[in-house]
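Number of protein chains: 2
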Amino acid sequence: MLGVKHTLGYSGPVSTDPPRQKRATIIDVAREAGVSRGTVSRVINGERYVSSEAEAAIKAAISKVGYRPNVAARNLVMQRSQAVALVVHEPASLFAEDPNIGAIMLGANAALSAADYQMVLLIVDSERDTERVSRYLSGSYADGVIMVSARTHDPITRVIEKIGLPATFVGHPPDVTQMAFVGIDNRASARAITERLVATGRSRIGMIAAALDRDSGADRLAGFRDALGDRFDANLVEAVPLYEFASGVTAMQELLRREPQIDGVFAASDAVAAGAMNALRSAGRSIPQDVGIVGFDDSTWALRTKPQLSTVHQPAQGLGAAAAASVLSQLHGETPPAGGVLLDTPVVWRGSA
Amino acid sequence: MLGVKHTLGYSGPVSTDPPRQKRATIIDVAREAGVSRGTVSRVINGERYVSSEAEAAIKAAISKVGYRPNVAARNLVMQRSQAVALVVHEPASLFAEDPNIGAIMLGANAALSAADYQMVLLIVDSERDTERVSRYLSGSYADGVIMVSARTHDPITRVIEKIGLPATFVGHPPDVTQMAFVGIDNRASARAITERLVATGRSRIGMIAAALDRDSGADRLAGFRDALGDRFDANLVEAVPLYEFASGVTAMQELLRREPQIDGVFAASDAVAAGAMNALRSAGRSIPQDVGIVGFDDSTWALRTKPQLSTVHQPAQGLGAAAAASVLSQLHGETPPAGGVLLDTPVVWRGSA
Chain L
184 MLGVKHTLGY SGPVSTDPPR QKRATIIDVA REAGVSRGTV SRVINGERYV SSEAEAAIKA
244 AISKVGYRPN VAARNLVMQR SQAVALVVHE PASLFAEDPN IGAIMLGANA ALSAADYQMV
304 LLIVDSERDT ERVSRYLSGS YADGVIMVSA RTHDPITRVI EKIGLPATFV GHPPDVTQMA
364 FVGIDNRASA RAITERLVAT GRSRIGMIAA ALDRDSGADR LAGFRDALGD RFDANLVEAV
424 PLYEFASGVT AMQELLRREP QIDGVFAASD AVAAGAMNAL RSAGRSIPQD VGIVGFDDST
484 WALRTKPQLS TVHQPAQGLG AAAAASVLSQ LHGETPPAGG VLLDTPVVWR GSA
Chain R
184 MLGVKHTLGY SGPVSTDPPR QKRATIIDVA REAGVSRGTV SRVINGERYV SSEAEAAIKA
244 AISKVGYRPN VAARNLVMQR SQAVALVVHE PASLFAEDPN IGAIMLGANA ALSAADYQMV
304 LLIVDSERDT ERVSRYLSGS YADGVIMVSA RTHDPITRVI EKIGLPATFV GHPPDVTQMA
364 FVGIDNRASA RAITERLVAT GRSRIGMIAA ALDRDSGADR LAGFRDALGD RFDANLVEAV
424 PLYEFASGVT AMQELLRREP QIDGVFAASD AVAAGAMNAL RSAGRSIPQD VGIVGFDDST
484 WALRTKPQLS TVHQPAQGLG AAAAASVLSQ LHGETPPAGG VLLDTPVVWR GSA
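Protein sequence lines correspond, in order, to chains L and R.
Quick note: the first sequence uses our numbering, first residue 184, plus one each step.
Quick note: the second sequence uses our numbering, first residue 184, plus one each step.
Note that these hints are calculated values from the structure, not bench results.
Worth double-checking, as some hints may not be accurate.
The list makes no distinction among identical chains, and a pair is therefore deemed to hold if it is satisfied within one copy or across any two copies.
[What the hints assert, rightly or not] DSBU-like, lysine-lysine: derived pairs with alpha carbons at most 35 angstroms apart:
1. Lys489 with Lys247
2. Lys345 with Lys489
3. Lys247 with Lys345
4. Lys345 with Lys242
5. Lys489 with Lys242
Since the structure is predicted, the reported quantities are computational estimates derived from the model, not experimental observations.
Can you build the whole structure from these sequences, using the hints too?
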């Protein structure tokens, strides 16, 4: 953690930098304007008690020497950075796998950009990242936080609570009740798409569940059970740790081994479904004739499988935008709605089931 | 742009925030320690001329009231933020399409993290983003920059040059000669894989070129020409704007229309190749029997096509790590090597050609 002395001692690399164009400082402005450094500082800080002549001279000098107001200095005065952090806590591989993350990011960026806030994305990919991101958020670098994929007892969540940073979670934070969140009803959505799979006449329906340590994963399994009722067969559920293609392949192979008569599959995400389709095809099963398969997300994956995937549309970009709007409203002093905001998730029926 | 008065006037939302735990300030520390605010400030800034009793009292007070040293204040003193910005300038859709970006990001994050630097990712997705990111980099929020996908006359590149911010580009920056960069030899790599395609006996070889407005795209086309020499036929080149799946589909349809006898294709990226394979299959062509196809990147795409894709391995994570190392070495006062750093790109031969 930050030790005061340790972090504030000036030392190290900066002084040995190779020569480059030197940045104009407040001292250059003062010299150019023929006033004291304190007077320049008062003008920059918007304080009074500066003559209008001095103010005009200082403004001219700022422009002449190319002084850019130091945003860190502005922070000190305003106690704000005009930046909002988007913290993404995902295992490395998912950045290349899960198109939702990119879509959430872009939705949030567009909404924050429209309000002239800078979105800064912070990746948490290790214990070390967790500690450093916590420190960063404890600094004055961001006025608010959007938190994607928070874990149970997430140290970053604790930091957000402790310092009272305006924050909104994407997805329901596992062990936090007082925080704003935007999400979808994973359980009802999973139930809805499984019911449609049942309605197509499938009788041996399995599920590839994923990420059961998160609400999203656990709720999708619960919705699947809801839809099947008495016909639910735990032997037809195979759980994998992550929403990823490779897990879909191996889990489907396992389900086929356990129940060769399987004729319907709900995969917990489109990436998992795409992997499962790959395994089904390798096993000589035709889709949707032999096995009907449905996914979850309506991501770019869903349009690339052959046949295209029936799935639940998850409004990822909308989630990013809604989370940004929620943080912005908190920054404007509003209290976010209790219970969070749930966005709609229509079922999209295509050729795979 | 930043008007001094405008940005520094304190106004607006913060004062009307809903009640939350108030952050301890330097004033609380001064009150608790029974000293003046100026004395606290001198201790925090590491200045001398403070009695050791006062210093001890202040340290105890800092701990008691829970004062966290303001990182923005530290910025002012140290002129550094311990953060490095990764600027990604890509059209929205590519975040979900191009696994390279995620891999570059993760490689850079791991390397910066190991050096205890915070990586902050800034997305440029609009004119407005360009201006705001330029402003952000002009502030004291980042000590250095890794720039991905710089464009010709990129305003952000201009800002980096103007303020002399330590920076490294991923890929050769189009109109900049003095900057550090890490990249690959696109031309030699494209030549190498096209030569292997020729060696498999293909006689009517076309290319789906992409992103010709960037060095990467233009160089891959040049390498393709190098390999074919006299046999190069401009009629068998179809250019698309972006490295994306959908463009691969339509470009391949167009090539098939122009030359039904086409028997070899070099696609400028794996995503483009995957789209082209989709179109070839829809047109009843078998791969590699009727048409051999090769890509570029060796991304996750390459392992998901059937058959798997022969391609050029682009070390995306390595590029991110090398770019981070280059920025870090500049922060330590070293001068980056002239001409940049080129990483190896082995050809990976699989089933598609």
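Hints versus structure:
Proximity of lysine 489 to lysine 247 under the C-alpha cut-off of 35 angstroms is found in neither arrangement, the shortest distances being 63 angstroms within a copy and 63 angstroms between copies. Taking the shortest alpha-carbon separations for lysine 345 and lysine 489, neither the intra-copy value of 49 angstroms nor the inter-copy value of 51 angstroms comes in at or below 35 angstroms. In the homo-oligomer, the alpha carbons of lysine 247 and lysine 345 lie at most 35 angstroms apart only across protomers (15 angstroms), although the nearest pairing inside one protomer, at 44 angstroms, exceeds that limit. Taking CA atoms no more than 35 angstroms apart as the test, lysine 345 paired with lysine 242 passes between copies only; the shortest distance there is 21 angstroms, against 40 angstroms inside one copy.
Proximity of lysine 489 to lysine 242 under the C-alpha cut-off of 35 angstroms is found in neither arrangement, the shortest distances being 64 angstroms within a copy and 65 angstroms between copies.
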